[in-house]
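Colleague: Read in my numbering, the sequence shown has 8 at position 4, and its numbers run on one by one without any break.
Check the hints yourself; a few may be wrong.
As the list claims (entries may be wrong) - DEER-style ranges, computed between Cβ atoms:
id : residue 1 : residue 2 : range
1  : T132      : K80       : 37 to 47 Å
2  : D163      : G122      : 36 to 46 Å
3  : G114      : N83       : 30 to 40 Å
Unchecked claim - Calculated lysine-lysine pairs in the BS3-like style (CA-CA distance at most 30 Å, straight line):
id : residue 1 : residue 2
4  : K36       : K13
5  : K168      : K80
6  : K208      : K190
7  : K168      : K108
8  : K139      : K36
9  : K190      : K168
10 : K179      : K208
Hints in this document: simulated from the structure, not taken from any laboratory.
Beta carbons are placed, not taken as given, at the ideal position from N, Cα and C, and that holds for glycine.
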Amino acid sequence: MPTIRAQVKADLARRGLTREKVLACVVSLLEKTLIRVGNDEYARANQSYGLTTLKDEHVDVTGTTIRFQFRGKSGKAWNLKLSDRRLARVINDCAEIDGQELFKYLHEDGSVRDVTSGDVNQYLREITGGEFTAKDFRTWTGTVLAALALREYAEYDSDAQAKKYVIAAIDSVAKNLGNTPAICRKCYVHPEVVSAYMDGSLIKQINREINITLARKYEHLTPEEILVLAFLKKRLNAG
5 MPTIRAQVKA
15 DLARRGLTRE
25 KVLACVVSLL
35 EKTLIRVGND
45 EYARANQSYG
55 LTTLKDEHVD
65 VTGTTIRFQF
75 RGKSGKAWNL
85 KLSDRRLARV
95 INDCAEIDGQ
105 ELFKYLHEDG
115 SVRDVTSGDV
125 NQYLREITGG
135 EFTAKDFRTW
145 TGTVLAALAL
155 REYAEYDSDA
165 QAKKYVIAAI
175 DSVAKNLGNT
185 PAICRKCYVH
195 PEVVSAYMDG
205 SLIKQINREI
215 NITLARKYEH
225 LTPEEILVLA
235 FLKKRLNAG
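Using the sequences and the hints given, assemble the complete structure.
Modeller: What follows is the structure, encoded as structure tokens:
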């Protein structure tokens, strides 16, 4: 995530409506909004949308405020807004170019190209040098949110009570991601978070990882992300 955020920031500062600049905008929105990346086939078949298949009418920009209103996967109604000057400017520039989709860029040969989910995942692979995909934003966020939610239930008297707290935590994460709790737990929360909570080690391990050295090493992560990442690294290395 630190590598991605640093490159996205740099690409958003580029001149013109380049491939890298528009893809950086989409990636930034993936993280900030948790909207799915989308794909053309699903949009045609179901009349539901993700970021790369949004039309101009699905987004309204007023000054630095961006508002999204559209029908997403499984019929979920998305109605959210965020404020970001640079992203608002890129979206406005995209909307001024003729084309079916909202997000498009000017190719080196002068042609207009629509952004696809494949483009987004290729951009992420270029940045990370690995197999990071758009879905991983939701997985990372789901894992962080689950760990923070369980941290609120630090004390429990029995396994039965702990399981109830896990259900409550997963429910809260599912609401943020727009998934069912079952899908959320299966696909978007790292299993080690739940396992560590059930064996009583989650809170202790997370609290031990808050230190200045780690914060400096991962300067593009939030404090909450730092402690969850540190916990997962130690937990997986121990296994």
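Colleague: For this structure, which hints from the list above don't hold up?
Modeller: Structure breaks hints 1 and 7.
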